[in-house]
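**Student:** Now for the letters of each chain:
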Amino acid sequence: MTAQKLSIVKAINASLRTALENDPKVLVMGEDVGKLGGVFRVTDGLQKDFGEDRVIDTPLAESGIVGTAIGLALRGYRPVVEIQFDGFVFPAYDQIVTQLAKMHARALGKIKLPVVIRIPYGGAIGAVEHHSESPETLFAHVAGLKVVSPSNASDAYWMLQQAIQSDDPVIYFEPKRRYHDKSELDTEAIPAPLHAARVARPGTDLTLAAYGPMVKTCLEAAAAAEEEGKSLEVLDLRSMSPVDFDAIQASVERTRRLVVVHEAPVFLGTGAEIAARITERCFYHLEAPVLRVGGYHAPYPPSRLEDEYLPGLDRVLDAVDRALAY
Amino acid sequence: MTVDSTAARKPRRGGSKRAGAKTAAAAGAPELVQLLTPEGERVEHPDYSIDLTAEELRGLYRDMVLTRRFDAEATTLQRQGELGLWASLLGQEAAQIGSGRATRPDDYVFPTYREHGVAWCRGVDPTNLLGMFRGVNNGGWDPNENNFHLYTIVIGSQALHATGYAMGITKDGADSAVIAYFGDGASSQGDVAEAFTFAAVYNAPVVFFCQNNQWAISEPTEKQTRVPLYQRAQGYGFPGVRVDGNDVLACLAVTKAALDRARTGQGPMLIEAFTYRMGAHTTSDDPTRYRRDEERELWEAKDPIARLRAYLEREGHADEAFFAALETESDELAKHVRDRVRTMPDPDDMAIFDNIYADGHALVDEERAQFAAYQASFAEESH
Chain U
1 MTAQKLSIVK AINASLRTAL ENDPKVLVMG EDVGKLGGVF RVTDGLQKDF
51 GEDRVIDTPL AESGIVGTAI GLALRGYRPV VEIQFDGFVF PAYDQIVTQL
101 AKMHARALGK IKLPVVIRIP YGGAIGAVEH HSESPETLFA HVAGLKVVSP
151 SNASDAYWML QQAIQSDDPV IYFEPKRRYH DKSELDTEAI PAPLHAARVA
201 RPGTDLTLAA YGPMVKTCLE AAAAAEEEGK SLEVLDLRSM SPVDFDAIQA
251 SVERTRRLVV VHEAPVFLGT GAEIAARITE RCFYHLEAPV LRVGGYHAPY
301 PPSRLEDEYL PGLDRVLDAV DRALAY
Chain Z
1 MTVDSTAARK PRRGGSKRAG AKTAAAAGAP ELVQLLTPEG ERVEHPDYSI
51 DLTAEELRGL YRDMVLTRRF DAEATTLQRQ GELGLWASLL GQEAAQIGSG
101 RATRPDDYVF PTYREHGVAW CRGVDPTNLL GMFRGVNNGG WDPNENNFHL
151 YTIVIGSQAL HATGYAMGIT KDGADSAVIA YFGDGASSQG DVAEAFTFAA
201 VYNAPVVFFC QNNQWAISEP TEKQTRVPLY QRAQGYGFPG VRVDGNDVLA
251 CLAVTKAALD RARTGQGPML IEAFTYRMGA HTTSDDPTRY RRDEERELWE
301 AKDPIARLRA YLEREGHADE AFFAALETES DELAKHVRDR VRTMPDPDDM
351 AIFDNIYADG HALVDEERAQ FAAYQASFAE ESH
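Chains U and Z, in that order, give the protein sequences. So that you can map any letter, position 258 of the first sequence is 258 in full-length UniProt numbering, and since no number is skipped, the others follow by simple counting. So that you can map any letter, position 239 of the second sequence is 239 in full-length UniProt numbering, and since no number is skipped, the others follow by simple counting.
Some hints here could point you the wrong way.
DSSO-like cross-link-like pairs, simulated, lysine-lysine; straight-line CA separation at most 27 Å [stated by the list, open to error]:
#1 Z/Lys-171 / Z/Lys-223
#2 Z/Lys-171 / U/Lys-35
#3 Z/Lys-171 / U/Lys-110
#4 U/Lys-48 / U/Lys-25
#5 Z/Lys-256 / U/Lys-112
#6 U/Lys-25 / Z/Lys-256
#7 U/Lys-48 / Z/Lys-171
Note that these hints are calculated values from the structure, not bench results.
Sequences are here, hints too, so could you generate the full structure?
**Tutor:** What follows is the structure, given as structure tokens:
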């Protein structure tokens, strides 16, 4: 397999397959990941080809999944666990935050915790409660964890490869509403570093910084803005911990305006951190305050209201207009 | 059915201290595996037999005495301000030495934060255990050096790590086993229940060793369970057994059997070591607020060290010279620990940023550099 167009689901599946083939220590674990292939079919066919010992259907217990993955990692395995939905990660939050994140430091660096936690996240799929959340900030805030989110097939494949090869725990957020979007994947390419941001579309008037599902929304906004004669740069951050502030700074020094877009609530979100840091770094370059577009300080609403809650094209363009009006 | 934890706490009407261990079975309470009575008499059990040489028996006695002395010294060091906190194991020496000596070097131990005796059995330098309590680190040792994992403070979390590790042993085709320690309070935690589920489902070679010391800080066992804890195992599909946790021989025999069972593919087992925490939960605790002196007195009569000493003396397995030499060794250990703790260096300031990530992290690098520059600014000012 070299260059081809693939959906994000298929790219993640291919990535897991490659990892299972390349390293006998890699395990895939989670609820329904075996015969069913996961509720989103991300792990489709893996158990059939790699067996129940490598692709492990677990009891329905998230803390148990992460806690046993920690034990397996201590024994030398590299577990890649699936949390079925974003809102289901909280029973495992204790294991992730109090155990997984800190154990390497507690052991003075003598042990490694190469655990990847895959979480399908975000809204816009018409789901019920607890199936559409964006809890990335809660993990990015915790030292010891790395937090990433791909926005296309190529990153989905390569960032997962890099996450699995990392000796650190990585929370890998999958933009579930983009699962079936197809894009180019070259499995023989040389990937960018896991935490490097990427210019998804160059522009000169303003930078839109986003990650995961919002990258596509921002690209659509940039295309719409172009028709009005505005040139927007779209930066795909790819990583929320660490954040590639150098790349954002470089972009803002060119465009002098920044709007950060994410589905998660704006309050104390990734955008807040970026706004603060970029204001410090680029105070004399900025022509406007850094603006943020995201979710509200409200529980994720019932799905009939999610279009109002989620940042869409119009809300992004509204923020762009406000920034350009300064 | 009588809940034995209550029975043990309240002296039965007409029952004497001497009758202590035998009353449990007589009253129809859960049977307790016992090989050495509180009076130091050797008794047999149909399922768990053990045959030890005089030297091995003296070894167990030495382990318990030195562990108790180390623990007492740590408590003293806390009182003198050398440690911020200490969790004493006083009274639980038999449970820890018996089970700890049952492990093989290739087995893996997942302790809670009170397993100083088990650490001793694994060859962990006792002073390593004090770093966390002194505040110079948050763990402080390489778990793979003695196959003894870091102390875990969040109750019951380690039961899952143990189970996962045991699942890995099965995958490796190895015949090692894992032992997970936790207390009666932890039995209420979801993680322990999930560990039981995973261990049963994957037939993992893990022994769950619950030291029921009767109290979870101020909460008695009745606040954790309505059935004897060892009976929990049945609901998960593996055996559970209650052992006299103050009987080092019984703890050794039962744990050996459970570990052998695990190594030969027969899956997990739960051991409830029925014992007693003689001291406070930690040095921050005041047990006089929640329990009666009589209770402690009742348990003092079952002291694990006194009963083995009585047996050694009765059988002529140890002479005065042995006890005297051990007393000296004990003093030396205490002095060594005291000296080492008092001279334990504070960590370097930059340790705040050490080992957070194995592969590095830009934010940590940035903040480390900022912190270093800030610290350096004081040096410059003083010039």
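**Student:** For each hint, tell me whether it holds in the structure or not.
**Tutor:** We went through each hint and held it up to the structure:
1. Z/Lys-171 / Z/Lys-223: 38 Å, violated
2. Z/Lys-171 / U/Lys-35: Between Z/Lys-171 and U/Lys-35 the Cα gap is close to 20 Å, so the pair holds against 27 Å.
3. Z/Lys-171 / U/Lys-110: Within the cut-off at roughly 23 Å; holds.
4. U/Lys-48 / U/Lys-25: 18 Å, holds
5. Z/Lys-256 / U/Lys-112: 30 Å, violated
6. U/Lys-25 / Z/Lys-256: 30 Å, violated
7. U/Lys-48 / Z/Lys-171: The given pair, whose Cα atoms are some 18 Å apart, holds under the 27 Å limit.
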